[in-house]
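All chains should be modelled from the sequences, with the hints used to inform the complete structure.
Going down the list, the protein sequences come from chains A and B. Heads up: the first sequence begins at 0 in numbering that gives the first Met the number 0, then just goes up one per residue. Heads up: the second sequence begins at 0 in numbering that gives the first Met the number 0, then just goes up one per residue.
What the hints contain is simulated information worked out from the structure, not anything from laboratory work. Cβ atoms here follow ideal geometry from the backbone N, Cα and C, with glycine treated the same way. Do not rely on the hints blindly, as some may be mistaken.
[Said to hold, decoys possible] Quick partial rundown of chain B residues pointing at chain A, CB under 7 Å, derived from the structure:
id	residue
1	P38
2	S40
3	G207
4	P213
5	T220
6	V233
7	L245
8	K248
9	T261
10	K264
11	V265
12	G267
Listed below are the residues making up each chain.
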Amino acid sequence: MFETWIQQLVNSLTIGGMYTLVAVGFTLFFGVLRLINFAHGEVFMLGGFTGLVVAWLAEDLGIESGLLIIFLMFVFSMAVCAVIGALMERFAYRPVRGMPVLIMLVTSLAVGIVVREAVKEFFPEGANPHAFYSPFKYDSFNLGSVVLDYTQIGLILTSIVLVYAVYLLVAKTWVGRAMRATSEDLDAARMMGIDVDIVIRNTFFLGSALGGVAGVMNGLLYLSIRFDMGWVMAIKGFTAAVVGGLGNIYGAMFGGYIVAAVEVLVVALIPEGSRYKDVFVFLLLIGVLVFRPSGLLRAPEQKVG
Amino acid sequence: MLKRTVWAISTVLAMSLLAGGHAKAQTYKLYVNLPLSGPWSSFGEGMFNSFKLAIDQGNASGVMGKVKLEVVRGDNAGDSAQAASLATKAGADSRVIGAFCCWSSGLALATHAIYNRYRLPTILGGSNDHRSTRPFHKSAVIFRNSPYDLINMKMLATYATNYAKLKRIFTIDDNTAFSVTQVNEFTKAAIKLHGKGRIIGRESVQLGEKDFTPLITKLKTMNPDAVFYAGHMVEAALFRQQMLKLGLKVPMMSSGGVFSNTYIKVAGKASEGTLASFWGLPLDHYPEGRGTAFEKAYAAAKFQDPYESFGPMAHAAGQVYVQAVARLAKAGKVTRKALLAELNKGQYKTSIGDFGFDKHGMLDILHIGIFRVENAKWKLLYRTDRAATKFQKIAD
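Okay, here's the thing in structure tokens:
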């Protein structure tokens, strides 16, 4: 029984790590632009597809080292997603910047639909799920009766390291200072000589690159990707970011792990609980919005905005 | 003023003549209402292509004389409201004489009354939930060209308990109408055969979910000797992979939502050993090489997406329409009413065999196959007779 609970803890940390990687993007966009960017789910999906294409090309080029292929997948996914994110900002969000929040929200939903349907229509067999490349496909190992694999460990470590790196970037560098200033008051930042367009573009560049990492990680972990996988992850990532505190980097991680823990506990403890796990997660979300709207982790000094 | 009025009347008359000219070309529409985007689009695209292939073949053959059929591509995106809207649009268009819907059971349930309101003959492709068809509702225009879950699940329960001798089966649905009813009917059939002991529990997952490890960890503690996953292929592939990774190495049974080559492709090695009950047979089991002829014609048409497991049935539905309309064209009366009467009495020669529809609109060949993935292919283990009353063993 004890080992079953340890296994559930491992499951929870893995799911939480995935939510964290997506939630960080949400928190960055909201922190700087007060934008709930639902198209981030589709950037996450694009990250997975880019990784898959890189793996196909690497295999065609005769690259045999699995680790090298994974490295290339991450690098190219981050680059492609960063550029796509920056383009989204330039051509979809900048024209509506300063308009009511609802306009920006609807724009993000529309951008998401365009990206999703474009992949479905133009990627070969885009409507179908695709098996993902992984050199660690069947390499799990046991600690007692607890099963672990390298991808899970990689995911958990990646989520922690990336969150810390983003925190350092935002809190300790001049780029981060400009982001925080822009978030605080866009006009005042402009008057202080900050080029807010570049700051916002950089934020999209960074947030979307993280989405690319999450997309590849998702493919490596679940071994399949599909054009419509972004929406569910966007909902979960957004929920995690709100629970932890939108705009708070550590809050994204905290929210990710809390949401995952709720899901796992409901499944493990309640008979037929898997039916209700989303109900409990969204009850948590409602509870947070009602009783602690700025999120469970309130730490203004760590806030992007 | 008079001049302007004359112009207006002339324009209207000219338009009417043009419309009349169109009618003389005798082109009628068949309205497809399938998930061509969204999570089920891989099945929908394969069905659409297969249906269109049959209509194109019919038009090219000249069997309908001067009458031509045009396929209207309606995408319901797997959404009930969208499917209902398409059904209304099809019903309201007088040039539409028939419909092909819906793949998903939930969408069939949402649209049958609309089709009935417009008296628009409709053939269901897939939509395995028995409540989609008469006598479980009163919509007289609905026909189906594949057996429903009452038959399919009875045969799967018979196979699982009497042939595979499974004693502790855990059931999982994915909260869709199709999946929930499959588990309900499988459970009822298993209980009828052997009492309550064979089904040890039930859980529900969500479409789009990717991580089932908490549920599988819980299942492991219950020691099932099989899991019946009555959902759809993407989630099923993940579920199977995660079952094996966590050491739950028992057979996974499934049905029409999973029976697909894409499932094998996505699940990879983990797909080996997966069982499925499906309301159809391998193409080479259909009479006179018609199944394989369909496969060749589909390949020659160079569609982007594969025909998937429901393609042969969709092709057969198209062939039914072509043959029915050919008979009506010969009699000189192509209308919805005449088509409805024809579907109720006719016999049809299709890729999946010769059949007609009974008084409830159900086709009268009820082939069910039990398949298992072996060497990355679905291998037929057992098949039923035409009336689905008993199994015939095909392979071990």
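Going down the list of hints, with the structure as the test:
The interface hint given for P38 of chain B is met, as the beta carbon of that residue sits about 5 Å from the closest beta carbon of chain A, less than 7 Å. For S40 of chain B, the suggested interface contact is upheld, since its CB lies about 4 Å from the closest CB of chain A, less than 7 Å. Given the 7 Å rule on beta carbons, the hint for G207 of chain B holds: about 4 Å separates it from the nearest Cβ of chain A. Satisfaction of the interface hint for P213 of chain B is found here, the shortest Cβ-Cβ separation to chain A being roughly 4 Å, below the 7 Å cut-off.
Among the interface hints, the one on T220 of chain B holds; its C-beta lies about 6 Å from the nearest C-beta in chain A, closer than the 7 Å criterion. Look at V233 of chain B: its Cβ gets to within about 5 Å of chain A, closer than 7 Å, so that hint holds up. Evaluation of the L245 of chain B hint against chain A yields a held restraint, the C-beta minimum of about 5 Å falling below 7 Å. Look at K248 of chain B: its Cβ only gets to about 12 Å from chain A, farther than 7 Å, so that hint breaks.
With a cut of 7 Å, the hint placing T261 of chain B at the interface with chain A holds, because the nearest CB-to-CB distance is about 5 Å. For the restraint placing K264 of chain B at the interface with chain A, the shortest Cβ-Cβ distance is roughly 6 Å, inside the 7 Å limit, so the hint holds. Restraint check, V265 of chain B versus chain A: the minimum CB separation of about 5 Å is within 7 Å; hint holds. Hint status for G267 of chain B relative to chain A: holds, with the closest Cβ pair at about 6 Å, below 7 Å.
In this structure, only the earlier hint numbered 8 is contradicted, and the remaining ones agree with it.
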